[in-house]
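J.: Per the UniProt record's numbering, the very first residue in the sequence shown carries number 1; after that it's consecutive.
Wrong hints could be hidden among the right ones.
[As the list claims (entries may be wrong)] Below, computed lysine-lysine pairings styled on DSSO-like, alpha-carbon distance capped at 27 Å:
{"hint": "1", "residue 1": "Lys170", "residue 2": "Lys206"}
{"hint": "2", "residue 1": "Lys157", "residue 2": "Lys170"}
{"hint": "3", "residue 1": "Lys200", "residue 2": "Lys117"}
{"hint": "4", "residue 1": "Lys157", "residue 2": "Lys216"}
{"hint": "5", "residue 1": "Lys84", "residue 2": "Lys117"}
For the record, the hints were derived by calculation from the structure and aren't laboratory data. Nothing here was measured: the structure is a model prediction, and the numbers come from that model.
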Amino acid sequence: MRIWSQDVYISTPGASRSGVVAPGDLLASPSTSRDQSCPPSLAVKRLSLYTSRPTRIEPSAIPAVARLSSKHASSAMEEKPKLKLYSYWRSSCSWRVRIALNFKGLKYEYKAVNLLKGEQFSPEFTNLNPLGYVPVLVDGDLVVADSFAIIMYLEEKYPQRPLLPNDLQKRAVNYQAANIVSSNIQPLQNLAVLKYIEEKFNPDEKLPWVQCHIQKGFAALEKLLKVHGGKYATGNEVGLADVFLAPQIDAAIKKFSIDMVEFPLLNRLNDAYSELPEFQDAMPKKQPDAPNYAKS
1 MRIWSQDVYI STPGASRSGV VAPGDLLASP STSRDQSCPP SLAVKRLSLY
51 TSRPTRIEPS AIPAVARLSS KHASSAMEEK PKLKLYSYWR SSCSWRVRIA
101 LNFKGLKYEY KAVNLLKGEQ FSPEFTNLNP LGYVPVLVDG DLVVADSFAI
151 IMYLEEKYPQ RPLLPNDLQK RAVNYQAANI VSSNIQPLQN LAVLKYIEEK
201 FNPDEKLPWV QCHIQKGFAA LEKLLKVHGG KYATGNEVGL ADVFLAPQID
251 AAIKKFSIDM VEFPLLNRLN DAYSELPEFQ DAMPKKQPDA PNYAKS
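Construct the entire structure; sequences and hints are all you get.
T.: This is the structure:
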């Protein structure tokens, strides 16, 4: 069974992209020019584009051959993105990675894996992740599974808009908050665990089970972040903790009916996340594989 032959989508974050030199842009010297598609042998050289100081050139002054090269360079930049994310629209673990990708302004190819149909157990997918879990990120020849590992990989390889502060104490708090979610809350509410409880015990036990563990984790997070929080979880800049908290708080409210009156700090953070386009564009209902009923 092939699971990604059709459900392939291109996701482009709202953040602007740079790196393509268009007619009228500032062009620097050969050592710093952003566009090396036109060699000095072209007529561009005679126009002294490659001077020691940046020069603005009007489109009409650029020879046709140079404009053609620029066009080819732009086309190359618009090729299929190198990053591929295997994701399920409602997976909170996949949601975290989508937030990180959006926040860093990284374009990626969305490959849907339908967990309800068991596509995560197909040979094609288990070759990527033998555990059969989403998300999985493919970056060229590299395959990374597990949301925490993926986000840390993105943080190290793509340092723009860092999710970890330089301050070691705040960095440690980010790790701690993220791990409370990823190790002590989310695993106890995932699809496999809830299915096991339903089959081995009583379906009516599922919701109390989940609520108990969410409330325990949220109480710990309230105490931890009370000292370190600002506009966001660990200060006035978005951090790793926020990437993990946003999907968990949303699921607690909408899916598991948690009363947030007991958790005012987390409730305030949830309001702050609603104002961030990078977070909102990663929401389940906005994913291409979300069913119509979820998009309303």
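J.: Taking the hints in turn, state whether each one holds.
T.: Results for each hint:
1. Lys170 with Lys206: 35 Å, violated
2. Lys157 with Lys170: Within the cut-off at roughly 21 Å; holds.
3. Lys200 with Lys117: Holds, because 21 Å separates the two Cα atoms, which is no more than 27 Å.
4. Lys157 with Lys216: 34 Å, violated
5. Lys84 with Lys117: 21 Å, holds
Going through the hint list in order, the structure does not satisfy hints 1, 4.
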